[in-house]
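Peer 1: So you can see what is in the structure, the chains are spelled out below.
Protein chains: 2
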Amino acid sequence: MARVKQTELAVLCVLGVQPMTGYAVRAAIREQLGFFWSESFGQIYPALAELERTGLVERHEGTRAGSSTYSLTSDGRARLVQLLKEPDAPAPRRDGLMLRLFFGRVLGPDACRELVERARDSARQQLAVYEGVRASVEAETTFPEHQAYWLITISAGEHTARAAIDWAEETLASLDGQRERYVR
Amino acid sequence: MARVKQTELAVLCVLGVQPMTGYAVRAAIREQLGFFWSESFGQIYPALAELERTGLVERHEGTRAGSSTYSLTSDGRARLVQLLKEPDAPAPRRDGLMLRLFFGRVLGPDACRELVERARDSARQQLAVYEGVRASVEAETTFPEHQAYWLITISAGEHTARAAIDWAEETLASLDGQRERYVR
DNA sequence: TCATTCATGTAAGTGGTTACATGATTCA
DNA sequence: TGAATCATGTAACCACTTACATGAATGA
Chain A
67 MARVKQTELA
77 VLCVLGVQPM
87 TGYAVRAAIR
97 EQLGFFWSES
107 FGQIYPALAE
117 LERTGLVERH
127 EGTRAGSSTY
137 SLTSDGRARL
147 VQLLKEPDAP
157 APRRDGLMLR
167 LFFGRVLGPD
177 ACRELVERAR
187 DSARQQLAVY
197 EGVRASVEAE
207 TTFPEHQAYW
217 LITISAGEHT
227 ARAAIDWAEE
237 TLASLDGQRE
247 RYVR
Chain B
67 MARVKQTELA
77 VLCVLGVQPM
87 TGYAVRAAIR
97 EQLGFFWSES
107 FGQIYPALAE
117 LERTGLVERH
127 EGTRAGSSTY
137 SLTSDGRARL
147 VQLLKEPDAP
157 APRRDGLMLR
167 LFFGRVLGPD
177 ACRELVERAR
187 DSARQQLAVY
197 EGVRASVEAE
207 TTFPEHQAYW
217 LITISAGEHT
227 ARAAIDWAEE
237 TLASLDGQRE
247 RYVR
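Chains as they are written, first to last, in the working numbering: chain A, 67 to 250; chain B, 67 to 250.
Rather than coming from a laboratory, the hints here were simulated on the basis of the structure. Note that the coordinates shown come from a computational prediction; the quantities given were computed from them, not determined experimentally. Careful, some of the hints might be misleading.
No copy labels: a pair is met if it fits in one copy or bridges any two.
[As the list claims (entries may be wrong)] Calculated cross-link-like contacts (lysine to aspartate or glutamate; reagent style EDC-like; alpha-carbon spacing at most 16 Å): (1) 71 with 235; (2) 151 with 124; (3) 71 with 183; (4) 71 with 211; (5) 71 with 236; (6) 151 with 180; (7) 151 with 161; (8) 71 with 176.
Using the sequences and the hints, build the whole thing.
Peer 2: Okay, here's the thing in structure tokens:
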């Protein structure tokens, strides 16, 4: 059904904060939503054209030659609220690490160990990043009305990362047990 | 680059356990990998044709008229091991709940509360499902060499679900604080 | 006998990325 | 002056789902 709806929603969200160019929309998504969202130019520009066609955004002369800033119309803001209220589409399930571990017998405990160690290390790195971002968001006072919501998403990242670390450590212990049984 | 590589890997994985029809491949993926993987017929049949063309699987007469069972060739098994060793492709990031909460200011604390409650409830349900599956896998003795690996993936699901529940409960408390500040 | 399950496949459409082409502006 | 960044867009391709068409076998 609904075409480019995910992209449409993300674009409306960032334009809801302030008017900007397509280029800036992508930068905002990368920098602010990078932990849980991504969009490419190949999605953003067609989406902006479609949003303009349906009257949800307005196009204004940009500061540069050939550039345009887009801003939400009141229809656009209504649509944004409507889309935000809709339940989100279920994400396609494709977890390569789990697939590899489910068939772990094929690779054996040592190779699985490596996979899990890599997962643990990247989760640790992620956690450190989240903690850094938390500190800078807590220090930030430019958008106090958004702060609490931003912290909620950071907290989700921290919980997820910590869960991954805990699971990895447990799993490494269990793989050691596995290994002993085969070695002896 | 590599086309249908994800599907190719999943199909090789399940055919690595035992030869079966395309229909049965899909059933196996649904029933056994359902928590972290999905494939549709529209992927599976072309993938099987391609795998046969490249000599990674062999096609045999099935028990029924017009049906075929596929089995791994030795090339196919080598390819399976090779693909399992490769690091998994990063999943596309698109978390609708996080997007909604990041822009939570637009909907306000009450609507966000509902979103988080729904997330908590579905995580609780998930956790119950995982615990049920764990019990039946622990009771199962048909594939003892796979059991430990299956439990690892179930454990990952449990950790993820528990993290989601913890985060949701924390977040609900924080949203209450948010609400009070605006009401008073 | 007839609904259900098993079984194979294709076509249309969705949603997405990457690479490319193009050019203006900024700033060291 | 020339590298980096800002800016817009398209074309080709990839991965995937849904719906459809077809029919054999099973079993209540």
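Peer 1: Work down the list of hints and note, for each, if the structure agrees.
Peer 2: Taking the hints in turn, this is what the structure says about them:
1. Taking CA atoms no more than 16 Å apart as the test, residue 71 paired with residue 235 passes in neither setting, with 39 Å inside one copy and 30 Å between copies.
2. Proximity of residue 151 and residue 124 under a CA criterion of 16 Å is satisfied in neither setting, with 23 Å inside one chain copy and 50 Å between copies.
3. In this homomeric assembly, residue 71 and residue 183 never come within 16 Å of each other (Cα to Cα): the closest approach is 37 Å inside a single copy and 24 Å across copies.
4. Taking the shortest alpha-carbon separations for residue 71 and residue 211, neither the intra-copy value of 27 Å nor the inter-copy value of 45 Å comes in at or below 16 Å.
5. In the homo-oligomer, the alpha carbons of residue 71 and residue 236 never lie at most 16 Å apart, since the shortest distance is 40 Å inside one protomer and 30 Å across protomers.
6. In this assembly of identical chains, residue 151 and residue 180 lie within 16 Å of each other by CA distance solely across copies; the values are 10 Å between and 42 Å within a copy.
7. Taking the shortest alpha-carbon separations for residue 151 and residue 161, only the inter-copy value of 15 Å comes in at or below 16 Å, while the best intra-copy value is 28 Å.
8. When the C-alpha separation of residue 71 and residue 176 is checked against a cutoff of 16 Å, the pair qualifies neither within a copy, at 44 Å, nor between copies, at 24 Å.
Violated hints for the displayed structure, listed by number in ascending order: 1, 2, 3, 4, 5 and 8.
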